[in-house]
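Using the sequences and the hints given, assemble the complete structure.
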Amino acid sequence: MRDEDFELLYKLEENYWWFAAMRQITDTIAAAELQKPNLRVLDAGCGTGFNLGHYAAAKSRDVYGFDIAVSALDGVRRRGFRKTAQASVADIPFKSDTFDLVFSFEVLTQTPYEIHDVALREMCRVLKPGGFLFIRVPAFMWLWSSHDEELRVFYRYTRDELAKRLRDSGFVIEWASYANSFLFPVILLRRFIKHLGIGKGSDVRPLPSGLGWLNTPLRGILQREAQWFKAGKRFPFGLSVICYARKPLISYESQTS
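When we follow the numbering used here, the leftmost residue of the sequence shown carries the number 72, and every step to the right adds one.
I should point out that these hints are in silico values taken from the structure, not numbers from a laboratory. Positions of the beta carbon are idealized from the N, C-alpha and C atoms, including for glycine. Mixed in with the good hints there might be a few duds.
[Stated by the list, open to error] With beta-carbon atoms standing in for the labels, derived distance ranges:
#1 Leu285 <-> Ala129: 44 to 54 Å
#2 Gln95 <-> Ile244: 21 to 31 Å
#3 Lys235 <-> Phe308: 14 to 24 Å
#4 Ala129 <-> Ser167: 40 to 50 Å
#5 Val243 <-> Ala129: 39 to 49 Å
#6 Ser217 <-> Glu185: 16 to 26 Å
#7 Asp133 <-> Asp74: 22 to 32 Å
#8 Gly303 <-> Gly281: 19 to 29 Å
#9 Pro288 <-> Ile186: 36 to 46 Å
[Stated by the list, open to error] With a straight-line cut-off of 25 Å between C-alpha atoms, the simulated DSS-like cross-links for lysine-lysine are:
#10 Lys130 <-> Lys107
#11 Lys82 <-> Lys107
#12 Lys166 <-> Lys82
#13 Lys199 <-> Lys107
#14 Lys154 <-> Lys235
#15 Lys130 <-> Lys199
#16 Lys199 <-> Lys166
#17 Lys199 <-> Lys235
#18 Lys166 <-> Lys154
#19 Lys199 <-> Lys154
#20 Lys107 <-> Lys301
#21 Lys107 <-> Lys304
#22 Lys154 <-> Lys107
#23 Lys166 <-> Lys107
#24 Lys166 <-> Lys130
Following this line, the structure appears as structure tokens:
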């Protein structure tokens, strides 16, 4: 992402419909773990840091973050958060077995495909045995558009593909689904228009002048997915893939050594 993308992220992350609704979806899926006391939490690729503050709101949580982009960490510091480092997801600067919960939002696919296995093994390494990874990535390569080019997204996953890669990296899959699904037809049309060369660039931008009122209904539509997931349902398609995975109490390496 470019410096100007991080500045826009800093301005939009708190109230923009997509970010706000996806936070609620995350909180719903990870609710059981988030209710536990004295959690040590890591945001792997924390961007400008709004989620750090969101998850640090519970005083018993010890929340850390890192990002490879200096301009992203500038935003984190502006939010007053200090427990951060500059680093890549392929080389996480924390000791093994440190965290109870690791979040990674749309970060894995902004690294070259060839190092995804390395990055996932790093996330597994820093988790405590029995700890959880919540990971969200863009879905379906056929949805590739100028939005991905703008944000330097290298790859888009299917649910089964991401789940297999997580298992191969040492995780046990607890939950997996597509998300950002209720608005899928609308976004699909928008992506088709982008393929025609109309309206190129990132989808993450302020709503057009005079249409700011759409933020609330769009947020409400997407937030309904949280209730869908809470009821134990899954989506067979969507713009995002979410996996909730656990590090085994005994690692595969320990079992075979």
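Quick rundown of the hints versus the structure:
The given range of 44 to 54 Å is broken by Leu285 and Ala129, whose C-beta atoms sit roughly 32 Å from each other. Distance hint check for Gln95 and Ile244: the Cβ-Cβ separation is about 22 Å, which falls inside the suggested range of 21 to 31 Å. Taken as a hint, the range 14 to 24 Å holds for the pair Lys235 and Phe308, whose Cβ atoms sit roughly 18 Å apart. Separation of Ala129 from Ser167 is about 25 Å and departs from the stated range, judged on CB atoms against 40 to 50 Å.
The hinted window of 39 to 49 Å between Val243 and Ala129 is violated, with their beta carbons roughly 26 Å apart. For the pair Ser217 and Glu185, the beta carbons lie near 23 Å from each other, so the given range of 16 to 26 Å is met. Look at Asp133 against Asp74: about 30 Å separates their beta carbons, and that is inside 22 to 32 Å. A C-beta distance of roughly 40 Å is found between Gly303 and Gly281, which places it outside the suggested range of 19 to 29 Å.
Distance hint check for Pro288 and Ile186: the Cβ-Cβ separation is about 39 Å, which falls inside the suggested range of 36 to 46 Å. The hinted pair formed by Lys130 and Lys107 meets the criterion: a straight-line CA distance of about 12 Å does not exceed 25 Å. Proposed proximity of Lys82 and Lys107 is contradicted: the alpha carbons are some 31 Å apart, above 25 Å. Restraint check for Lys166 and Lys82: the C-alpha separation of about 33 Å exceeds 25 Å, so the hint is violated.
For a cut-off of 25 Å, the pair hint linking Lys199 to Lys107 stands: about 15 Å separates their Cα positions. For a cut-off of 25 Å, the pair hint linking Lys154 to Lys235 is broken: about 32 Å separates their Cα positions. Of the supplied pair hints, the one linking Lys130 and Lys199 holds, its CA atoms being roughly 21 Å apart against a limit of 25 Å. About 10 Å separates the Cα atoms of Lys199 and Lys166, which keeps this hinted pair within 25 Å; it holds.
Annotation: proposed proximity of Lys199 to Lys235 holds, straight-line Cα distance about 21 Å (limit 25 Å). Taking the CA atoms of Lys166 and Lys154, the gap is near 15 Å; set against the 25 Å cutoff, the hint holds. Between the alpha carbons of Lys199 and Lys154 the distance comes to roughly 19 Å, so the proposed pair stays at or under 25 Å and holds. The suggested pairing of Lys107 with Lys301 holds, with an alpha-carbon distance near 18 Å, which does not exceed 25 Å.
Among the hinted pairs, Lys107 with Lys304 is consistent with the structure: their alpha-carbon atoms are about 24 Å apart, no more than 25 Å. Between Lys154 and Lys107 the alpha-carbon distance is near 21 Å, which keeps this suggested pair within the 25 Å criterion. Of the supplied pair hints, the one linking Lys166 and Lys107 holds, its CA atoms being roughly 22 Å apart against a limit of 25 Å. A threshold of 25 Å between alpha carbons decides the hint, and for Lys166 with Lys130 the separation of about 23 Å falls inside it, so the pair holds.
Hint violations for this structure: numbers 1, 4, 5, 8, 11, 12, 14, all remaining hints satisfied.
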